[in-house]
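Hey, can you work out the whole structure from these sequences and the hints?
The numbering used here puts the first residue of the sequence shown at 30, with every later residue one more than the last.
These are computed hints drawn from the structure, not numbers from a lab.
Mixed in with the good hints, there may be bad ones.
To be verified - Pair by pair, the computed Cβ-Cβ distance ranges are:
(1) Leu436 x Arg395: 29 to 35 angstroms
(2) Arg110 x Pro196: 20 to 26 angstroms
(3) Pro389 x Ala335: 20 to 26 angstroms
(4) Pro139 x Leu353: 40 to 46 angstroms
(5) Ala437 x Arg232: 41 to 47 angstroms
(6) Arg47 x Pro389: 22 to 28 angstroms
(7) Ala437 x Gly300: 31 to 37 angstroms
(8) Glu244 x Val433: 45 to 51 angstroms
(9) Pro139 x Ser403: 25 to 31 angstroms
(10) Cys331 x Arg47: 24 to 30 angstroms
(11) Ala443 x Gly300: 41 to 47 angstroms
(12) Arg230 x Leu136: 32 to 38 angstroms
(13) Ala135 x Thr392: 30 to 36 angstroms
(14) Arg232 x Gly137: 43 to 49 angstroms
Think of the CB as a built atom: it goes at the ideal place given N, C-alpha and C, for glycine as much as any other residue.
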Amino acid sequence: MTSTAASSALAAGPDVQRRILKVLVASQILSGAGLAAGVTVGALLAQDMLGTTGLAGLPSALFTAGSALAATAVGRVSQARGRRPGLAAGYLTGAIGSAGVLAAAALGSPVLLFTALFVYGAGTATNLQARYAGADLAAPTHRARAVSTVLVATTLGGVVGPNLAAPTGDLAALLGLPRLAGPFLLSGAAYAAAACVLALRLRPDPLLLARSLAEAEQTPGARPARAGRTAADAPERPRGGVVLGALVMILTQLVMVAVMTMTPVHLHDHGHGTAASGLVIAIHVGAMYLPSPLTGRLVDRCGRLAIAAASGVTLLVAGLVAALAPGDSVALLAFALALLGLGWNLGLVSGTAIITDTVPPATRARTQGMVDVSIALAGATGGLASGVVVDLAGYPVLALTAGVLALAVLPAIAVTAHSR
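Pasting the structure below:
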């Protein structure tokens, strides 16, 4: 972006940021439906095709592993060409993966199913990468709120998507496909629509504009590019900010994916249908994103480290409730999954703010992409291990172990706070 274009965009001030956030919100509503629809039935589809619970966590592991590769690709494309082409390409790849899942279900091919789920993971990675675009042009003291605005937009699609599991299953049956493949009809269409919205409407590109503004600020004799925003306005940068922010998000992702993946299977094993699973996952996804505006304000006002610590405690409570809940109690399991989603939200918003505070625009997208690779790999590990743990020891053991593991973030936060 030229300096003239940057100056023109700067003159518009907050209007540019508001316009960018509106486009991101629209794309996130669509992508939320695509993300949640697949999560709802992925494990059940694998269990049905393979006839075993031990590998039911494999779909989650595959699409989170696929999201790791996609996070790298989206980060590199965004670094080289901007957020718009990077995010649009990521969502389009997720749509292709959804189509592959439908083909695998029609052919009854587990190999094609697992390959398609790997590709489908690109949508998950892109959904998370979009939060960084919301913060590119935000004031330092409002970054967490900008991130939360993008995240909360996922709520509508994320809540609606799982509750369409039964209707889309009926549509799949009419088309001669297995009912469990139905939600992937929705995810494919939703991801493709999100790609179109970003490709056509995300202008100016927030990352490219942020770089131009940063370069203008560094020009000798230039006026500050962001009036009213000085170094004193920015939150204090903790030492090892990239490592700490990544650790917070890695642990929350691992714990969340592990418990979330096996909850529909746990419900199914206790006689509940896809409608009950869809309801529980819808509540979980809502809790993942709906609190975001409040979380963003808390992170900006109370500090990144305090809210990161709160995420670990919340995930522990979620694990305890899930472990102690009777298998036939949809209400208690829904409550546990709501706490699980809230803990994830606290960790993601605080961790993202820590990363964005630490990394300058010149290298931001590449670093953020690598951090999200680690997050995706953690999710893949949690998803793959969850099925094995449940098969060997049961769902309560999985939930309790995951909750205790979340507390590992507290020592790292304490060390960082002490070194400031």
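Assessment of proposed distance window 30 to 36 angstroms (beta carbons of Ala135, Thr392): violated (44 angstroms)
Range hint 41 to 47 angstroms (beta carbons of Ala437 and Arg232) holds or violated: For Ala437 and Arg232 the Cβ distance comes to about 42 angstroms; the hint holds.
Cβ distance range 40 to 46 angstroms for Pro139 and Leu353, holds or violated: violated (35 angstroms)
CB-CB spacing for Arg47 and Cys331 relative to the 24 to 30 angstroms hint: holds (25 angstroms)
Pro389 and Arg47 - C-beta distance against the hinted 22 to 28 angstroms: holds (24 angstroms)
Satisfaction of the hinted span 31 to 37 angstroms by the C-beta atoms belonging to Ala437 and Gly300: holds (35 angstroms)
CB-CB spacing for Arg395 and Leu436 relative to the 29 to 35 angstroms hint: holds (31 angstroms)
C-beta pair Arg230, Leu136: status relative to the range 32 to 38 angstroms that was hinted: Holds: the Cβ-Cβ distance is about 37 angstroms, inside 32 to 38 angstroms.
Glu244 versus Val433 beta-carbon gap, inside 45 to 51 angstroms or not: Roughly 47 angstroms apart at Cβ, these two residues keep to the hinted range, so it holds.
Supplied distance hint 20 to 26 angstroms, evaluated on CB atoms of Arg110 and Pro196: The hinted range 20 to 26 angstroms is violated for Arg110 and Pro196, with Cβ atoms some 39 angstroms apart.
Beta-carbon spacing of Pro389 to Ala335 - inside the hinted bounds 20 to 26 angstroms or not: holds (25 angstroms)
Consistency of beta-carbon spacing, Gly137 to Arg232, with hint 43 to 49 angstroms: At 44 angstroms between Cβs, range holds.
Hint compliance for this structure: hints 2, 4, 13 are broken, all remaining hints hold.
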